[in-house]
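Chemist: Chains as they are written, first to last, in our numbering: chain A, 1 to 410; chain B, 1 to 410.
Just so you know, the hints here were simulated from the structure itself, not pulled from any lab data.
Just so you know, not all the hints are guaranteed correct.
Since copy identity is lost for identical chains, a pair holds within one copy or between any two.
As the list claims (entries may be wrong) - In silico DSBU-like cross-links for lysine-lysine, where the CA-CA straight-line distance does not exceed 35 Å:
#1 LYS407 - LYS105
#2 LYS121 - LYS105
#3 LYS19 - LYS105
#4 LYS186 - LYS275
#5 LYS109 - LYS216
#6 LYS26 - LYS314
#7 LYS137 - LYS26
#8 LYS137 - LYS361
#9 LYS105 - LYS314
#10 LYS19 - LYS137
#11 LYS137 - LYS407
#12 LYS361 - LYS109
#13 LYS361 - LYS26
#14 LYS189 - LYS275
#15 LYS361 - LYS105
2 protein chains.
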Amino acid sequence: MKFGGTSVANVDRIRNVAKRSLETTKLGHDVVVIVSAMAGETNRLLGLAHQFGELPDAREMDALAATGEQVTSALTALAIHQLGGKAVSLLGHQVRVLTDSAYTKARIKTIDDTAIRTVLKQGAIAVIAGFQGVDDKGNITTLGRGGSDTSAVAIAAAIDADVCEIFTDVDGVYTTDPNVAPAARKIAKISYEEMLELASLGAKVLQIRSVEIAMKYGVRVHVRSSFDHSEGTIVTSEAGMNDLEQLTVAGVAYDKNEAKLTMRGVVDQPGVVAKIFGALADANISVDMIIQNVGATAEGAAGGTTDVTFTVGKADLARAKAVISQKGAEVGMKELRVDDDVVKVSIVGMGMRSHAGIAAKMFQILATEGINIQAISTSEIKVSCLIAAKYTELAVRALHTGFGLDKPAA
Amino acid sequence: MKFGGTSVANVDRIRNVAKRSLETTKLGHDVVVIVSAMAGETNRLLGLAHQFGELPDAREMDALAATGEQVTSALTALAIHQLGGKAVSLLGHQVRVLTDSAYTKARIKTIDDTAIRTVLKQGAIAVIAGFQGVDDKGNITTLGRGGSDTSAVAIAAAIDADVCEIFTDVDGVYTTDPNVAPAARKIAKISYEEMLELASLGAKVLQIRSVEIAMKYGVRVHVRSSFDHSEGTIVTSEAGMNDLEQLTVAGVAYDKNEAKLTMRGVVDQPGVVAKIFGALADANISVDMIIQNVGATAEGAAGGTTDVTFTVGKADLARAKAVISQKGAEVGMKELRVDDDVVKVSIVGMGMRSHAGIAAKMFQILATEGINIQAISTSEIKVSCLIAAKYTELAVRALHTGFGLDKPAA
């Protein structure tokens with residue numbers, strides 16, 4: 001049972017976590033609770049650190065930030081005691097969540113289940129501080145923002161848990177953002193692959209890495225609300241799903257966090273594109289969509305020019321422009337156009353693999369609404385289109401309706 | 001270099017700690033810094049814990065409270081980095097400060113110097129979270145209030161430090177409380193034994209346990225101000241002191257934290273007193289002064305009665321009364337009188353051992369001021385008198401002057 005920052009934001013909510021975990025033990029389950037820092041605490045600590053420089057040492061940042069979850073885990077154990085239950089808190093180095101030494105974004109290598117099982121054998125609830133681990137030299141590490149989800153799924157895998165319940169302030173995964181499309185429905189079951197695409201595309205219910213680990217180890221994840229007892233969304237393997245209820249398209253996502261760059265008049269020769277994207281990779285800038293058009297001024301294969309369009313995260317835009325401005329001259333670029341007023345709209349679904357014409361249907365729906373498609377990318381289970389940001393809501397609602405996702409009218 | 005809560009109370013003061021420790025490295029020293037929690041932080045954490053019951057589990061209290069020093073150690077390392085220095089924070093379990101499992105009041109068993117020496121060999125300052133340790137099962141422990149002094153002295157012993165500097169908000173140890181006697185002088189050098197008596201009697205500059213450890217391992221301690229560079233007080237062995245500057249009486253202390261109980265008309269038979277104090281010991285109540293008078297109504301050796309007077313800490317008074325009320329009947333006690341409006345005034349000094357008549361001189365000084373002595377206790381290096389609390393200031397000033405401690409008039 002993993003509880004995020006808003007679910008442990010104050011003393012009353014921590015009491016609620018204690019109550020909820022004890023209810024689960026009373027159903028006959030062994031319970032391991034993973035907690036985040038109280039909402040706002042991590043930012044408070046990082047704010048203190050940034051008073052000592054813009055780029056504080058990563059090792060010390062982790063030692064500092066890890067205290068947030070340590071506080072919550074001790075308080076949660078005390079809250080369980082107050083309700084008459086047994087509980088023992090465990091820190092990352094006590095469990096032992098062994099990670100690499102990449103401070104502030106460490107990766108879990110192994111998790112020892114001995115300490116957890118010792119606590120469970122005593123009939124107690126193990127309350128584990130999420131987000132944190134320890135490297136092989138005993139240094140405190142953290143897993144990066146949202147890392148408590150990753151802790152929870154990895155620990156669930158290590159102890160072979162029946163289910164990993166992720167308690168959050170929403171009651172599950174939706175077919176799209178309910179704020180954009182009121183007809184959005186809660187999804188009862190979704191595959192890891194679909195969840196990955198939805199998560200990376202902006203439906204930020206579960207951290208991507210936690211879904212990858214769940215998929216790798218077959219951990220059944222239940223995303224649900226910490227404020228009520230309704231069933232949420234089960235994230236599981238395709239095999240574990242009920243095919244009958246599976247729709248062709250599972251959800252519609254959008255991501256406003258991309259910016260488009262178009263390099264005009266690039267020399268159309270072998271190796272040119274590799275040079276550009278190699279330079280971006282060297283600068284540690286991730287590129288998402290890439291489209292290469294033969295330019296309007298093409299004069300045949302040799303000596304011709306081409307346009308190259310690609311997208312990067314908005315946070316990387318300034319650095320990407322600097323890299324391209326430098327490399328552009330080498331490849332004969334005549335002009336660089338930048339547009340950060342774009343949105344990527346995507347449809348995601350396992351069913352797409354066996355249904356032809358899904359992409360064509362998406363393009364048709366957008367065309368019917370008069371929305372121009374600026375770039376397209378596809379995978380086995382998703383189709384993404386880059387469009388002008390002003391059409392976001394219109395596009396999401398049209399696709400949601402067009403692919404039959406709207407909930408029945410009341 | 002140990003810095004207490006007021007010395008790390010905010011970002012600016014932590015910067016001052018960083019500056020001060022770097023100054024020391026520039027003098028050619030290897031530096032280990034031990035820090036407390038930021039002033040108020042430990043109380044904030046314990047306040048949170050007490051929202052989950054009056055007697056929260058001690059193990060969880062320690063996991064919670066230890067975060068205070070963890071935060072300061074990381075921030076202090078960052079502050080040193082900002083000033084261009086090298087520093088690495090270390091937690092109790094990273095050092096490894098091995099303790100017993102007596103949560104909230106753990107005792108240090110051993111300290112491993114490997115991690116500290118590794119940091120020093122890198123030319124960096126080791127910034128250690130005070131107050132905390134780890135037991136042999138990996139549980140986080142704390143050393144009790146003021147435990148950072150104990151951490152500092154024990155670590156100084158483990159690494160064979162040249163000196164253990166205790167930075168605090170006063171500039172040294174005084175001959176008495178300057179608020180009571182403006183003529184009080186800063187003591188340049190004091191022996192461990194004298195410091196122990198002064199500390200336990202109310203001059204709360206150094207935690208008693210830390211002085212005991214310093215004495216046991218011969219750690220030279222320098223108590224000084226974190227706000228200026230003046231020399232403070234050196235606490236050292238008798239052998240390390242300059243005999244010429246040593247006064248007969250080193251200081252005058254007072255303790256308002258005792259209460260007096262008098263049992264009237266107790267049967268004067270062998271074993272009776274043992275029965276009373278055995279019962280108090282069973283209730284874990286420490287008794288300080290004990291006086292047994294033959295009662296005014298004594299009728300000879302057999303069948304006579306006696307009065308027994310003793311003092312306990314004010315915090316234990318209610319419990320002591322309950323124990324005595326019960327046991328009193330068994331020993332024929334006729335009446336129990338309680339007086340908590342008393343103070344214990346003490347003179348302390350190594351020189352007393354070789355000077356006869358020190359106690360008599362103390363009694364004479366008090367008598368001259370018309371102060372009645374209610375109880376007396378003596379040791380090799382101190383004499384304590386219990387008097388009415390209203391005479392505290394008068395008695396302290398008279399003793400301070402009478403034993404030649406006043407600073408020369410300006």
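Chemist: Identify every previously stated hint that the structure contradicts and give their numbers, smallest first.
Modeler: Violated hints: 1, 4, 6, 8, 11, 12, 13, 14, 15; rest satisfied.
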